[in-house]
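Colleague: Mind docking chain B on chain A? Use the hints.
Chains A and B supply the protein sequences, listed in that same order.
Residue numbers for the first sequence follow this note's numbering, so the first one is 675 and each next one is one higher.
Residue numbers for the second sequence follow this note's numbering, so the first one is 24 and each next one is one higher.
Honestly, I wouldn't trust all of these hints.
Covered, in the sense of this in silico footprint (three residues per stretch, anywhere, with C-beta under 8 Å from a C-beta of chain A), are these stretches of chain B [as the list claims (entries may be wrong)]:
| # | segment |
| --- | --- |
| 1 | 53-62 |
| 2 | 193-204 |
The following label-pair restraints were derived from C-beta to C-beta distances [claimed, not checked]:
| # | chain 1 | residue 1 | chain 2 | residue 2 | range |
| --- | --- | --- | --- | --- | --- |
| 3 | A | 723 | B | 198 | 45 to 55 Å |
| 4 | A | 685 | B | 159 | 42 to 52 Å |
| 5 | B | 181 | A | 699 | 19 to 29 Å |
| 6 | B | 159 | A | 680 | 32 to 42 Å |
| 7 | A | 723 | B | 36 | 31 to 41 Å |
| 8 | A | 769 | B | 199 | 47 to 57 Å |
| 9 | B | 77 | A | 708 | 18 to 28 Å |
| 10 | B | 159 | A | 686 | 26 to 36 Å |
| 11 | B | 167 | A | 680 | 18 to 28 Å |
| 12 | A | 684 | B | 168 | 34 to 44 Å |
| 13 | A | 684 | B | 77 | 40 to 50 Å |
| 14 | B | 41 | A | 768 | 53 to 63 Å |
Far from chain B by the CB rule (all over 10 Å, computed), these chain A residues [claimed, not checked]:
| # | residue |
| --- | --- |
| 15 | 713 |
| 16 | 724 |
| 17 | 731 |
| 18 | 770 |
Hints were generated in silico from the structure; no laboratory data involved.
Given the structure is predicted, the values throughout are model-derived calculations rather than measurements.
Think of the CB as a built atom: it goes at the ideal place given N, C-alpha and C, for glycine as much as any other residue.
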Amino acid sequence: MTGHHHIDSVKTYVFVFLALIFATVATTAVAFVDLGRFSVVVALAIAVCKMLLVALFFMHVRHSTALTKLVLIGALLWLAILILVTLSDFASRGWIGTLGR
Amino acid sequence: MADHAHVETLALREQFDTAAQQKDASTLGMWIFLITEIMFFGGMFMVYTVYRSAYPDVFAIASSTLNVYIGAANTVVLLCSSLTMVLAVRAAQLGQKKAIVTFIVLTLILGFVFLGVKAYEWNEKFQEHHIPGLSFHLEEVAPGLQGQAQLFFSLYFAMTGLHALHMVIGAGIMFVLIRHAMQGRYNAEYYTPVDVGGLYWHFVDIIWIFLFPLLYLIDRHLKG
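In isolation and in its complexed conformation, chain A is listed as follows (with noise of 0.2 Å):
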């Protein structure tokens, strides 16, 4: 019974639609300064927050029922191990310097 009366303003919806431009035009004019190694850190960082704003507003994740959110929290979790355990391998081949390289 959770949650299925919950109808956001338009006002809620474009607020949130006017900062995803916003984000946008950030991300793609940060691009062009040199930030070294962290314009990856910055542009990721840009596109999490745009996630979470669609996720959170547009797909009402607030709004949905704890189950809802504890699966998705579960495949992020998912995610996060296919990422960080295939880049720890990539990025440890060449310590040892034998096999495998």
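Modeller: Chain B alone, transformed into the frame defined by chain A:
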């Protein structure tokens, strides 16, 4: 339960106790599907990350040949379509039958604008011989490193291609929603397909939110 005749409606099928339970089940089911999609695209992003870190210089040059402004404009188009989609869901929640149709039609049009721009970009790649294959040639890269440049464009076409395929499927879903909305099938009590279709549309938007910086932006500063 035997003491009254059970009338099945779209909002409350026989196997559910309440309409709210049915709606929760539908939403969760869609999210489970979207999670499989996250893992599917996650694998592609993983491959891209690994090869980008293996061949950083060539990937930087190759990615700098993409047109940032077209990419950014297309991001804005997609964000607009997400706004119209969420307004369609809101119209459904309020039972505004005409507004549902209007907003989904707008979403569909914006989706086609995105695909049109994408087609223009791909056509440019054909003319510049940036399509992986026998006639591939990237001027800015030494002859011995053409293979690495091909790898970038292979990933570019695989990822934007799969994203575009999802957009085409999304457009198909929008057509069905428009048809059913025009038949007056959706109201404040029952609008689950609009809601769930919206989840799919926003998901495809999120994939592009990550594709745009990773393909177009992150090495832009090296070119100056």
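Colleague: Please confirm whether residue 713(A) is truly not at the interface, meaning its C-beta sits more than 10 Å away from all C-beta atoms of chain B.
Modeller: Not fine: 6 Å to the nearest Cβ puts residue 713(A) too close to chain B.
Colleague: Is the distance from the Cβ of residue 41(B) to the Cβ of residue 768(A) consistent with 53 to 63 Å?
Modeller: Because 58 Å falls inside the window, the suggested range holds.
Colleague: Given a hint of 40 to 50 Å, does the C-beta separation of residue 684(A) and residue 77(B) actually sit inside it?
Modeller: holds (47 Å)
Colleague: Between the beta carbons of residue 685(A) and residue 159(B), is the distance compatible with 42 to 52 Å?
Modeller: Roughly 50 Å apart at Cβ, these two residues keep to the hinted range, so it holds.
Colleague: Please test the hint of 18 to 28 Å on the beta carbon pair from residue 77(B) and residue 708(A).
Modeller: holds (23 Å)
Colleague: Could you say whether the range 34 to 44 Å given as a hint is met by the Cβ separation of residue 684(A) and residue 168(B)?
Modeller: violated (52 Å)
Colleague: Since residue 731(A) was said not to touch the interface, does its Cβ keep a gap of more than 10 Å from each Cβ of chain B?
Modeller: violated (8 Å)
Colleague: Find the nearest Cβ of chain B to the Cβ of residue 724(A) and say whether that gap is larger than 10 Å.
Modeller: Non-interface label on residue 724(A) violated, nearest chain B Cβ at 5 Å vs cutoff 10 Å.
Colleague: Cβ-Cβ distance between residue 159(B) and residue 686(A): within 26 to 36 Å?
Modeller: The hint (26 to 36 Å, Cβ to Cβ) is violated, given that residue 159(B) and residue 686(A) are roughly 48 Å apart.
Colleague: For the segment 193-204 of chain B, do three or more residues have a beta carbon lying closer than 8 Å to a beta carbon of chain A?
Modeller: violated (count 0)
Colleague: At 10 Å, judged by beta carbons, does residue 770(A) keep clear of chain B as stated?
Modeller: With a cut-off of 10 Å, residue 770(A) remains clear of chain B, as the shortest Cβ separation is near 18 Å.
Colleague: How does the Cβ-Cβ distance of residue 159(B) and residue 680(A) compare with 32 to 42 Å: does it lie in that range?
Modeller: violated (52 Å)
Consistency with the previously given hints fails for numbers 2, 3, 6, 10, 11, 12, 15, 16, 17, ordered from lowest to highest.
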